[in-house]
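Protein chains in written order, with the working numbering: chain A, 38 to 175; chain B, 38 to 175; chain C, 38 to 175; chain D, 38 to 175.
Calculated directly from the structure, the hints in this document are not laboratory data. Do not take every clue at face value.
As the list makes no split between identical chains, a pair holds if one copy fits it or if it spans any two.
[What the hints assert, rightly or not] Cross-link-like lysine-lysine pairs, in silico, DSSO-like; alpha carbons within 27 Å at most:
{"id": "1", "residue 1": "K97", "residue 2": "K120"}
{"id": "2", "residue 1": "K125", "residue 2": "K97"}
{"id": "3", "residue 1": "K103", "residue 2": "K153"}
{"id": "4", "residue 1": "K153", "residue 2": "K97"}
{"id": "5", "residue 1": "K125", "residue 2": "K153"}
Protein chains: 4
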Amino acid sequence: MMYFETSFPVRYYETDQMGVVHHSNYIRYFEIARNTMMADGGFPIETCESEEGVMIPIVKVECTFKHPARMGDVLTATASIDKVPLAKLVVRQSVINQRGEVCAEGQVTLGFINSKTFRPVGCPERLAELIRERIDEK
Amino acid sequence: MMYFETSFPVRYYETDQMGVVHHSNYIRYFEIARNTMMADGGFPIETCESEEGVMIPIVKVECTFKHPARMGDVLTATASIDKVPLAKLVVRQSVINQRGEVCAEGQVTLGFINSKTFRPVGCPERLAELIRERIDEK
Amino acid sequence: MMYFETSFPVRYYETDQMGVVHHSNYIRYFEIARNTMMADGGFPIETCESEEGVMIPIVKVECTFKHPARMGDVLTATASIDKVPLAKLVVRQSVINQRGEVCAEGQVTLGFINSKTFRPVGCPERLAELIRERIDEK
Amino acid sequence: MMYFETSFPVRYYETDQMGVVHHSNYIRYFEIARNTMMADGGFPIETCESEEGVMIPIVKVECTFKHPARMGDVLTATASIDKVPLAKLVVRQSVINQRGEVCAEGQVTLGFINSKTFRPVGCPERLAELIRERIDEK
Chain A
38 MMYFETSFPV
48 RYYETDQMGV
58 VHHSNYIRYF
68 EIARNTMMAD
78 GGFPIETCES
88 EEGVMIPIVK
98 VECTFKHPAR
108 MGDVLTATAS
118 IDKVPLAKLV
128 VRQSVINQRG
138 EVCAEGQVTL
148 GFINSKTFRP
158 VGCPERLAEL
168 IRERIDEK
Chain B
38 MMYFETSFPV
48 RYYETDQMGV
58 VHHSNYIRYF
68 EIARNTMMAD
78 GGFPIETCES
88 EEGVMIPIVK
98 VECTFKHPAR
108 MGDVLTATAS
118 IDKVPLAKLV
128 VRQSVINQRG
138 EVCAEGQVTL
148 GFINSKTFRP
158 VGCPERLAEL
168 IRERIDEK
Chain C
38 MMYFETSFPV
48 RYYETDQMGV
58 VHHSNYIRYF
68 EIARNTMMAD
78 GGFPIETCES
88 EEGVMIPIVK
98 VECTFKHPAR
108 MGDVLTATAS
118 IDKVPLAKLV
128 VRQSVINQRG
138 EVCAEGQVTL
148 GFINSKTFRP
158 VGCPERLAEL
168 IRERIDEK
Chain D
38 MMYFETSFPV
48 RYYETDQMGV
58 VHHSNYIRYF
68 EIARNTMMAD
78 GGFPIETCES
88 EEGVMIPIVK
98 VECTFKHPAR
108 MGDVLTATAS
118 IDKVPLAKLV
128 VRQSVINQRG
138 EVCAEGQVTL
148 GFINSKTFRP
158 VGCPERLAEL
168 IRERIDEK
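Please construct the entire structure, taking both the sequences and the accompanying hints into account.
Structure below.
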């Protein structure tokens, strides 16, 4: 398994009038974990887009909300990959607060498309290689 | 079935560097359809919160992304309810562009909680009644 | 003067834990008024970017917040232009609620840049023409 | 002078179809610097709201945009306070990228209101004290 996590405090503008983080932001936290994982692996998303000409749009999101995050919380967003992707990349994700409570968890499926034609392509080799190495480590 | 739809143009800040609407915004479009439906039914979410003391947090979101929305598009967000809720409200949702293409579709499950204690409560009777009437109409 | 206004309801995700619309959203409402004005004039921002190769970044924003907008409000965002732009476009802006109360008002200065080089260019003639006609009308 | 800074990477959803960070996000970055400063000083905004019953809404924002931030950038948001506030708090702010380039700079004026009545109050003593100490340090 390839696993990555990154932490950040809740931002005020992410709260809503329920006094908790608006649910749409967990989808954004998931993205932060994925993109920070790519940058950490030496192949950031903006390099993938500019050098490989490959964009990685979201195909599907599933997210279950378990515990509200609030202003003052420091959240950890996680991303786990079990399999080297071919046409689709599946990432298991979660957001956990500073007390270890799971705020949200879910799964995101991503595709790969040519950034000019918007047509499906395979997973860029640099990303596949990065995932392969990290999966093998553990 | 209770069905509702509402339309609005894409906003520039909703686009990302792929040149399309960022995926997290479809989750927000879903919410707009639900809240406009409640307001249209004479029981807006802010009344539910302030007069009934009931908040309606999201329990689960599933969303499949099918076609990118872009600046210039006018989107229609839809919400459909098949069943009068007891403890949970399930809403089928979609976002469709001006050419009838489905950009995203999914399902959102909501709960009901007391706005002071954050404990689960049943569906407020005014909301149940509103849904019951509209379901029976069709 | 060229004047334009467009109306829309507050969206739930735009509120924060103060129970009012987060201040950053008024900056976004200003943008909605400007972009809807361009689209209404037959020269939408996405056409300006794709056909003219000109992007219109913000140079400066000033905004005074006068009255909080809340969930349930229907806001009107306005844009007024007094002068046909050369290198810079100055737009006076406001956000007004359904009771006529001014929620925010300010001024936004925009520039024109080549979308490839990011270097300053003059105002595209189609936009200057559009503004000239509308200013002359009144 | 009381000075504070905090750093964070650009988030993908903050970019727009110009390929740079959407201008409204700098207003949010300014807020992050202010709130992190308060938390760092032992008096976080959520404590101010819940324990003192005082909310700190924005009265005025001025922001000049100087250099676009992009995906991959690590930004530093700064907040400087020159004077212990009475009825209004004035904060000078900036956002600087990892190469030291100023992306945006401006000034934010905040007020203090009772969180129940929404009426103006003075600066909470704990916040005034915190600012007084830090200003005197330098």
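Hint check results:
1. K97 <-> K120: both (17 Å within a copy, 25 Å between copies)
2. K125 <-> K97: Answer is both: 10 Å inside a copy and 23 Å across each meet the 27 Å cutoff.
3. K103 <-> K153: between (39 Å within a copy, 18 Å between copies)
4. K153 <-> K97: For K153 and K97, the Cα distance is within 27 Å only inside one copy (22 Å; across copies 32 Å).
5. K125 <-> K153: within (19 Å within a copy, 32 Å between copies)
When held up to the earlier numbered hints, the structure conflicts with none and fits them all.
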